[in-house]
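Heads up: the sequence lines are chains A and B, in that order. Per my numbering, the very first residue in the first sequence carries number 1; after that it's consecutive. Per my numbering, the very first residue in the second sequence carries number 1; after that it's consecutive.
The hints are simulated quantities; they were obtained by calculation from the structure and are not laboratory data. Predicted, not measured: the structure shown is a model, and the values here were computed from it. Treat each hint with caution, since some may be false.
[Stated by the list, open to error] Quick list of in silico lysine to aspartate or glutamate cross-link-like pairs, EDC-like style, CA-CA up to 20 Å:
| hint | chain 1 | residue 1 | chain 2 | residue 2 |
| --- | --- | --- | --- | --- |
| 1 | A | 9 | B | 97 |
| 2 | A | 216 | B | 74 |
| 3 | B | 86 | A | 198 |
| 4 | B | 131 | A | 200 |
| 5 | A | 2 | B | 162 |
| 6 | B | 131 | B | 112 |
| 7 | A | 197 | B | 74 |
| 8 | A | 197 | B | 91 |
| 9 | A | 20 | B | 92 |
| 10 | B | 132 | A | 306 |
| 11 | A | 2 | B | 97 |
| 12 | B | 142 | A | 245 |
| 13 | B | 86 | A | 200 |
| 14 | B | 86 | B | 162 |
| 15 | A | 197 | B | 112 |
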Amino acid sequence: MKQFLIFIKKEFAHVLRDRKTLLILFGMPVVQILIFGFALTNEVKNAKIVIMDQANDIASQQIISKIRASRYFEIAETIHSPQQIESAFKKGNIRLALIFPAQFNNNLMHQHLAQLQVIADASDPNNATTLTSYISSIIQDYATGIAKTSNIPYRISPEIRFLYNPQLKGAPNYVPGVMALVLMLVCVMMTAVSIVKEKETGTMEILLVSPFSPFKVIVSKAIPYLILSLVNVTSILLLSVFVLDLPINGSILLLFAESTLFIITCLTIGIFISVKTNTMQLAMLISLMGMMLPTILFSGFMFPIENMPVPLQVISNIIPAKWYYIIVKDIMIKGLGFSAFWKETLILVAITVVMMVISLKSFKIRLS
Amino acid sequence: MSEIVIKTDKLTKRFGDFIAANEITFKVNKGEIFGFLGANGAGKTTAMRMLCGLSIPSSGQATIAGFDVYKQTEQIKKNIGYMSQKFSLYEDLTVLENINFFGGIYGLTDKELKTKSAQLIDQLGLQLQAKKLVASLPLGWKQKLSFSVAVLHEPKIVFLDEPTGGVDPVTRRQFWDLIYDAADRGVTIFVTTHYMDEAEYCNRISIMVDGVIKALDTPRNLKDTFHANNMDEVFYELARSAKRSE
Chain A
1 MKQFLIFIKK EFAHVLRDRK TLLILFGMPV VQILIFGFAL TNEVKNAKIV
51 IMDQANDIAS QQIISKIRAS RYFEIAETIH SPQQIESAFK KGNIRLALIF
101 PAQFNNNLMH QHLAQLQVIA DASDPNNATT LTSYISSIIQ DYATGIAKTS
151 NIPYRISPEI RFLYNPQLKG APNYVPGVMA LVLMLVCVMM TAVSIVKEKE
201 TGTMEILLVS PFSPFKVIVS KAIPYLILSL VNVTSILLLS VFVLDLPING
251 SILLLFAEST LFIITCLTIG IFISVKTNTM QLAMLISLMG MMLPTILFSG
301 FMFPIENMPV PLQVISNIIP AKWYYIIVKD IMIKGLGFSA FWKETLILVA
351 ITVVMMVISL KSFKIRLS
Chain B
1 MSEIVIKTDK LTKRFGDFIA ANEITFKVNK GEIFGFLGAN GAGKTTAMRM
51 LCGLSIPSSG QATIAGFDVY KQTEQIKKNI GYMSQKFSLY EDLTVLENIN
101 FFGGIYGLTD KELKTKSAQL IDQLGLQLQA KKLVASLPLG WKQKLSFSVA
151 VLHEPKIVFL DEPTGGVDPV TRRQFWDLIY DAADRGVTIF VTTHYMDEAE
201 YCNRISIMVD GVIKALDTPR NLKDTFHANN MDEVFYELAR SAKRSE
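Chain A on its own, in the form it takes in the complex (with noise of 0.2 Å):
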């Protein structure tokens, strides 16, 4: 057990010594997630819009004051004819026209329901899709106020135009993202290269031939990652509950225990990774190519899988970053319990009890 700790003592004096790394480990989380972050409220906030208002009339007049009022839309110019549209697109910087038809108020107010036109540059699609649910709510909002003073069901239907994107419902999806992201990193790059370091250095064969057994010095060069991997996690929270007003909705503990699972996933592939390579670049370069792609590609994050080819839906099953990022949105985001989420839970273990009998097998064959 003494052995153990001092062990655990020199690696950490291994990783706080070295500023680099130590700036990859820290920094990293915290430059993801506010790039992340502020990427996205940025682009929401602000957004320039052009209005055409052929009915010039008082409910129209008071969504447009309504939408002036909103931080997330600036009116950029108010335009007279179908032509100037295309024309403000063209531009480039307008983001999204909003188009009231004449005679809006009294369709709205005789037939109870009236129409209006929301076009959306949808050649950035995420952003035209935040965009255009958030002016519809504001118009909706209109609506229900009318509808409450008044007892009559007034209803105003936009007819939005662009292609949607149904998976990007929710912005905060980016913080389990970044999340799986970063401990993948952390995790599976950093002990895989800690690890390596030793061989190339010819250290490994010293502790080899120690007393101290090969097992004890795998299990003691992963726990300083899973601790320090431990504390990322708890920054990358903060960060998102207070500075990017990101709750976390479910249980705190459960969270702290899936993640920790997962790190414990990604630790046993580091060390897979660390048993069959034997320099650093290369170590390094299997982690980057073999896990932070496939963790981009195919954990959800970034790219819906639903709308990949089957092959590659059957092949993202493997990765173990999609099933930590369905657990963590399930638990940040839409609150749910254990019950939730057990199967995904379940594949997790199972990748890590795997991953685990592999590598311990191939570091035996390695020594013998």
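Take the given structure of chain A and dock chain B to it, following the hints.
Positioned in the frame of chain A, the structure of chain B alone reads:
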């Protein structure tokens, strides 16, 4: 003769069709400095790895400090020290931290570590560098420190794999002083080297060619047998018959 600490009998290691070490048989006595010579690829490292418990022999017998290389590798590991040709301390730890780490994983108590590290630093004259990173030391000092760390837990046998590669002659001489000190304390030294002047410092040497031990005797006797003036000639005489190289 005194106690035998290394004893091998027809020890063999095969990798597929390739026989890296072929029926190696020898004995090493306690406190002896045993030189293990051979050209690159002759099978020295393979043989040494088997003796350290890092590699399981294909056939044959061997006991190290009385323990069997097949079944008692754990006990063997407790009783040996090892220093490889690569410098193998942690460069990003200080001299003291390295001593404490390696002493620690061999199970030395804090008290033992304290006296031993003080002693070691004194002996090597590293008082000023004790709290500096190992990376800042010159290579010669690193190798001396490496050796001292390898014998810190007072092993019965210490295996040195080309310990003085790339080290200047003066430091090499100092390094051998450390080896003699250890041997005087009863530690058995098992050393591989490519420097023939170092071979002369050994009590006995064996010369391996193509996985087989071709000669084993004291340096003087070997020179007599091969009618040679120095070990260089003995080595050349034997090694030029080698068929395999790296």
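Broken hints, numbered, in rising order? 4, 5, 7, 10, 12 and 15
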